[in-house]
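Chain B: place on chain A using the hints.
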Amino acid sequence: MNTHPKKLLVLIGEYALERFLIRDAMRFGAHGYTIADVRGGGTHGTREADWEGNRSIRMEIICDPDVARAISEHVLKNYCANYSVSMYVTDVGVLRPEKF
Amino acid sequence: GACLPLLAYPALRMLGRLNGSDAASIAGHYGSVSVVTFAVGVSFLVKKDVAFEEYMPLFVALMEVPGIVVGVLLARVLASSGGAEDRSRASVDWGALAHEIFLGKSVVLLAGGLVIGWIAGPKGLEPMSPLFFGLFKGVLALFLLEMGLVAASRIGEFKRAGPFLIGFGVVTPVVFGTIGTVVGHTTGLSAGGATLLGVLAASASYIAAPAAMRIAIPEANPTLSIVTALGVTFPFNLTLGVPLYHAIATRLTSS
Chain A
1 MNTHPKKLLV
11 LIGEYALERF
21 LIRDAMRFGA
31 HGYTIADVRG
41 GGTHGTREAD
51 WEGNRSIRME
61 IICDPDVARA
71 ISEHVLKNYC
81 ANYSVSMYVT
91 DVGVLRPEKF
Chain B
1001 GACLPLLAYP
1011 ALRMLGRLNG
1021 SDAASIAGHY
1031 GSVSVVTFAV
1041 GVSFLVKKDV
1051 AFEEYMPLFV
1061 ALMEVPGIVV
1071 GVLLARVLAS
1081 SGGAEDRSRA
1091 SVDWGALAHE
1101 IFLGKSVVLL
1111 AGGLVIGWIA
1121 GPKGLEPMSP
1131 LFFGLFKGVL
1141 ALFLLEMGLV
1151 AASRIGEFKR
1161 AGPFLIGFGV
1171 VTPVVFGTIG
1181 TVVGHTTGLS
1191 AGGATLLGVL
1201 AASASYIAAP
1211 AAMRIAIPEA
1221 NPTLSIVTAL
1231 GVTFPFNLTL
1241 GVPLYHAIAT
1251 RLTSS
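From first to last, the protein sequence lines are chains A and B. Per the working numbering, the first sequence starts with residue 1, numbered consecutively. Per the working numbering, the second sequence starts with residue 1001, numbered consecutively.
Bound-form chain B, shown alone:
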């Protein structure tokens, strides 16, 4: 999660000719993860009857934050080496930023859910399983419909993002997803686990990262990162990405 923005940043700067703040902000979005994409990956594996490590949701919580922090550091460290005007922008309210990313809703809910599940144990969760496990797919479907509406309503903004960012939104998940899957495989995860690590690496945050970036890199244009993360990468991962990372993971495991 921390390494991926370091790959994305130079590509955005050199190939996309974006300014430092926009490049760092987008890189941070891609370093962080999308919980919904992960949930779709999980339900894809469950449908295919592929087993995966039970602790995989822990990776979501762990990978959410580092990418954002590296994105902010990229913007600040590189800005402080620039001119006087850049230097004045180099200060970050780290307290407010830490509050935003560590006490943001998604991290608190994820970490809290893991702790509650761990304390309650399988027996304790039994009475709640009809709501949380039985309805999972239905609720996910409703949520995806809603996100589809939101993403579709932003299609008009593609014009502002330009062809480079649209291409970036497709190529980056393929590259990052492959890296994630290979890392998952070489660290000993099962095919299912490696698939999910690929999904996490490929996904871009569109809830936690935008909120954090607005505070940490306010001069970055939020439209660019949102259109790319939510308008391009999110639908790409759901339709083509998840099966692709699974195919890569399966091939790695069987070879």
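Isolated chain A (complex conformation):
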């Protein structure tokens, strides 16, 4: 199987950020994203998704390294101070590089 290296950027954060994260990711050059509703806890307390104001999302973006860097630096600078956000980047191999 012939795979091509890309970065997988994963952002876990409050639902309130969803609209901004999508807008920012596309602006910095992402070609697409996947979002799932999740639950969890951490230093900002627990977010159980048991009602409208308590939802969290996990956003996954497969992209080139410089796009992942641009998005994550922007998120770090603008949202991490006041919102619950977790971020990590891993290496992935994709079959159709032009898609990402």
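None of these hints come from the bench; they were simulated from the model. Glycine is no exception: its CB is placed at the ideal position from the N, C-alpha and C atoms. Be a bit skeptical, because a hint or two may be false.
Claimed, not checked - With beta-carbon atoms standing in for the labels, derived distance ranges:
| id | chain 1 | residue 1 | chain 2 | residue 2 | range |
| --- | --- | --- | --- | --- | --- |
| 1 | A | T43 | B | L1252 | 46 to 56 Å |
| 2 | A | D66 | B | H1099 | 42 to 52 Å |
| 3 | B | V1139 | A | H31 | 36 to 46 Å |
| 4 | A | D37 | B | P1130 | 25 to 35 Å |
| 5 | A | R19 | B | S1129 | 28 to 38 Å |
| 6 | A | D91 | B | C1003 | 54 to 64 Å |
| 7 | B | T1186 | A | R39 | 44 to 54 Å |
| 8 | B | F1158 | A | R39 | 17 to 27 Å |
| 9 | B | L1131 | A | H4 | 48 to 58 Å |
| 10 | A | C80 | B | G1167 | 25 to 35 Å |
| 11 | A | K99 | B | C1003 | 49 to 59 Å |
Leaving out everything else, chain B in the frame of chain A:
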């Protein structure tokens, strides 16, 4: 709705010694309204056979937004008069905020429902009445059970809110509810209408306001406003508040 946060803010700042952002955010929650509390008020009046003005749901839509906007303005205007660090936080993405509060689910559904009802008229709504009117109380009961579970699961967070905010969550609805009822009475509403205006003034938003405040005042601690609005004020209004505002309205009307 717009005036109430201006009363709550100084109380939170001076008596509660909260920082400006937290005080403004909580004040905004109390300026906005809780639709569920209103629905309980309506079903309380229906059960007691008390008439009220048919246009009262319009007040829900009208009173949802101004309190939130005033809360945001309090945080921003007062922050911009502070130090350099405060000034950097003074910018608000008003476009995103307007989108959140005017196109939020609750406002769109409320306004949309009013428009649909107005266009369809009583005859047009007739076929739907078993679902929307017949099942209203049952669905409301299910929803309240669910909200009760959510509110109860947050009891552990009372510790973080502290005694002041718990007291604030009880005193504020009584004061605001009395103001709302008196305003309703003096502007010529019936006892039922004045009761509902009292209920609206007393209620604190826990769906629209938290979402808007997370965007507009991200540095405010959301736990404080949620525990107070949902954990204290919401159950207080449902159990003691609604009958109290009705008693005040009835006394005003009969005197």
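Now for the hints, and whether the structure bears them out:
1. T43(A) x L1252(B): 46 to 56 Å: For L1252(B) against T43(A), whose Cβ atoms are near 50 Å apart, the range 46 to 56 Å holds.
2. D66(A) x H1099(B): 42 to 52 Å: Violated, at about 30 Å.
3. V1139(B) x H31(A): 36 to 46 Å: holds (43 Å)
4. D37(A) x P1130(B): 25 to 35 Å: Between D37(A) and P1130(B), where Cβ atoms are some 33 Å apart, the hint holds.
5. R19(A) x S1129(B): 28 to 38 Å: holds (37 Å)
6. D91(A) x C1003(B): 54 to 64 Å: holds (57 Å)
7. T1186(B) x R39(A): 44 to 54 Å: At 48 Å between Cβs, range holds.
8. F1158(B) x R39(A): 17 to 27 Å: holds (22 Å)
9. L1131(B) x H4(A): 48 to 58 Å: Given range 48 to 58 Å: holds, Cβ gap about 54 Å.
10. C80(A) x G1167(B): 25 to 35 Å: holds (34 Å)
11. K99(A) x C1003(B): 49 to 59 Å: holds (55 Å)
In terms of the numbered hints stated before, the structure departs from hint 2 and from no other.
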